[in-house]
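Chemist: In order, the protein sequences belong to chains G and L. Note that my numbering has the first sequence beginning at 1, numbered continuously upward. Note that my numbering has the second sequence beginning at 1001, numbered continuously upward.
Source of the hints: derived by calculation from the structure; they are not laboratory data. Among the clues, some could well be false.
Unchecked claim - Reference excerpt, derived from the structure (chain L facing chain G, CB under 7 Å, subset only):
| no. | residue |
| --- | --- |
| 1 | R1053 |
| 2 | V1056 |
| 3 | W1062 |
| 4 | T1064 |
| 5 | P1065 |
| 6 | T1092 |
| 7 | I1093 |
| 8 | L1096 |
| 9 | R1178 |
| 10 | G1179 |
| 11 | F1180 |
| 12 | T1182 |
To be verified - Per label pair, the in silico range of CB-to-CB distance:
| no. | chain 1 | residue 1 | chain 2 | residue 2 | range |
| --- | --- | --- | --- | --- | --- |
| 13 | G | E167 | L | K1225 | 54 to 64 Å |
| 14 | G | G146 | L | D1181 | 14 to 24 Å |
| 15 | G | K160 | L | K1060 | 22 to 32 Å |
| 16 | L | P1145 | G | M1 | 15 to 25 Å |
Backbone N, C-alpha and C define an ideal beta-carbon position, used for all residues, glycine too.
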Amino acid sequence: MGNVNFSGVIEVPMGITLREVINIYAKGMKPGSSFKMAQTGGSSGSIIPAALQDTPMDFESFRKAGVSLGSGALLICDQNVCIVDLVKVLLQFFRFESCGKCTPCRIGTQRTYEMVERISQGQGKLEELDKILELASEMERASNCGLGQTASAPLRDMLKHFRTEVEAHIRLGICPTGVCSMVVEEEATPA
Amino acid sequence: LEKEGDLMINLKINGQDVQVPEGTTVLKAAEQTGVTIPTLCEHADLHPYGGCRMCVVDVKGWRTPMASCTMPVNEGMEVQTHSPAIEKSRKTILELFMSNYHDSNYENGQKEETQFMRWVKHYGVDPQASMAPIPRHQVNSDANPFVWVDLNKCIQCTRCVRACAEVQGRFVWSMAERGFDTHPVAGADTDMLDARCESCGACVAYCPTGALDNKMSMGAGKPDKLVMTTCTYCGVGCQFEFNVKDGKIIRVTSTEKAPVNGNHLCVKGRYGYDFVQHPDRLSKPKVRRYLLEGGTKSHHTSAWDWIETEWDTALDVTAKKLHSIRSEHGADKIGVLTSAKCLNEENYLMNKFARQVIGTNNIDHCARL
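Excised from the complex, chain G in its bound form:
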């Protein structure tokens, strides 16, 4: 699903590439859309950039590329999707779904969400990117269950593949895709 012509359940052979899935099964990107990134395996899966779209989709190749196949869900995003905004939405989901039992997930999802939100509001700091990575790795190591352990995956991929775009938010104070407001907004409904 995403910015493609066909959204739905499809069955594909193992080892097919993402490019083939988009062009053959999903009937290509929507008019005016070009492929920017995809998220594999649902909210806690990996975000892969266009550069990796020719990686064969099987466990072995994906593991080598540091990508998880997860549930098999695919979210295809075009050039109008901002990585910061996407990660912010994903973290909003995780901090809402966290049960609150263990510390790394309960407080970690909240603190990383706050940092990503600040980036989207033009309040980000470069040194916080390292803090995000550090927190992400501790959440992955020390959380009790899979939710906390994988909540950090989008964060890690954001800084691995799209660091330039994130740094543009911080250094230049602009959102390259024009999605992020870059101003501090009053939250209409506090979560």
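Given the structure of chain G, go ahead and fit chain L onto it with the hints provided.
Modeler: Okay, now just chain L, sitting in the frame of chain G:
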């Protein structure tokens, strides 16, 4: 958690061979080798929870570190308790706790160090730099006369919830909301007393951060000394420690050293200590003036005054009176009533005294209802 059984499990902790019975947790096994794994949500009296993640350890062959308080030992397990990565995880966890912790008097030198503060100091977390800038909750948010509630210091370890359920059996506390908003509530988010709290203070005794504290002792500071003593309220014989500062009792703390009750106390033992140093308390015997000096019993003269005297004198007067009543009117004109504040042994002696010394069966006890 520990099971009965002869099956012994062999494992390695920090390279040292350990043999423990099947069902032992990694945490307990580590204790046997003299290794202290940091814990916050774990307590020996309560069921393991595995929430705080302070006790995580590396287990060879496992994808992620495991909480040692909830993990039973396995044959051939190889555990590292203090690797650099694990220590870093623990520090991060404390920093996360601290980022959601607010105490305007964190280190004023006047307070007793809590378990949480000890680990914060041990791992070199700077409380001033990482503490939450603004409080999220109202301080002293509950009307209970004995328990001070300040959820700004709460780390959601649920020890209060488990203490109330497992030690006292009152089920007052539970956790409400989820994720970042998780916090303990009394009953259906009411006041503790509305939630049928007995004010036993077990939640206070088990709280590792001071989020729950003794209301009467707030600001009392650190004790000069601890005095182990036995509770005088009933015959159970609970023991606890009086915290004494400048000759005054500032609070009661329960201790696992007490053979009868451990950390468990009731509201009277934990909070009913003001009588000990109350000015109205009798500390010496007093006898009516006419009994000491002779003369007649009259409500309207100074002969009726109480005169402070020594134990020997008072006991002599009592013995003389008992003796004269028995010889003039017979032993059954005397009755003996003993008190639940006496020890079992003292009550036994009073029984002997009534039946054998005085010779009457008129003996009763205030608790024999």
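Chemist: Each hint needs a verdict: does it hold in this structure or not?
Modeler: Here is how each hint holds up against the structure:
Interface hint at R1053 of chain L: satisfied, since its Cβ lies 5 Å from the closest Cβ of chain G, which is below the 7 Å cut-off. A distance limit of 7 Å between C-beta atoms decides the matter here; for V1056 of chain L the minimum to chain G is near 5 Å, and the interface restraint holds. Interface hint at W1062 of chain L: violated, since its Cβ lies 11 Å from the closest Cβ of chain G, which is beyond the 7 Å cut-off. A hinted interface residue such as T1064 of chain L counts as satisfied when its beta carbon comes closer than 7 Å to some beta carbon of chain G; here the least separation is about 6 Å, so the hint holds.
Proximity of P1065 of chain L to chain G holds as hinted, the smallest CB-CB distance being about 6 Å (cut-off 7 Å). Taken as an interface hint, T1092 of chain L checks out: its beta carbon lies about 4 Å from the nearest beta carbon of chain G, inside 7 Å. Look at I1093 of chain L: its Cβ gets to within about 5 Å of chain G, closer than 7 Å, so that hint holds up. Because the beta carbon of L1096 of chain L sits about 4 Å from the nearest beta carbon in chain G, less than 7 Å, this interface hint is met.
Hint status for R1178 of chain L relative to chain G: holds, with the closest Cβ pair at about 5 Å, below 7 Å. Checking G1179 of chain L against chain G: minimum C-beta separation of about 4 Å stays under 7 Å; hint holds. Taking 7 Å as the C-beta cut-off, the interface hint given for F1180 of chain L holds, the closest approach to chain G being about 4 Å. Given the 7 Å rule on beta carbons, the hint for T1182 of chain L holds: about 3 Å separates it from the nearest Cβ of chain G.
For the pair E167 of chain G and K1225 of chain L, the beta carbons lie near 59 Å from each other, so the given range of 54 to 64 Å is met. With their beta carbons about 21 Å apart, G146 of chain G and D1181 of chain L fall inside the hinted range of 14 to 24 Å. Taking the beta carbon of each, K160 of chain G and K1060 of chain L are about 28 Å apart, inside 22 to 32 Å as hinted. With their beta carbons about 58 Å apart, P1145 of chain L and M1 of chain G fall outside the hinted range of 15 to 25 Å.
Comparing the model with each numbered hint stated earlier shows that hints 3 and 16 do not hold.
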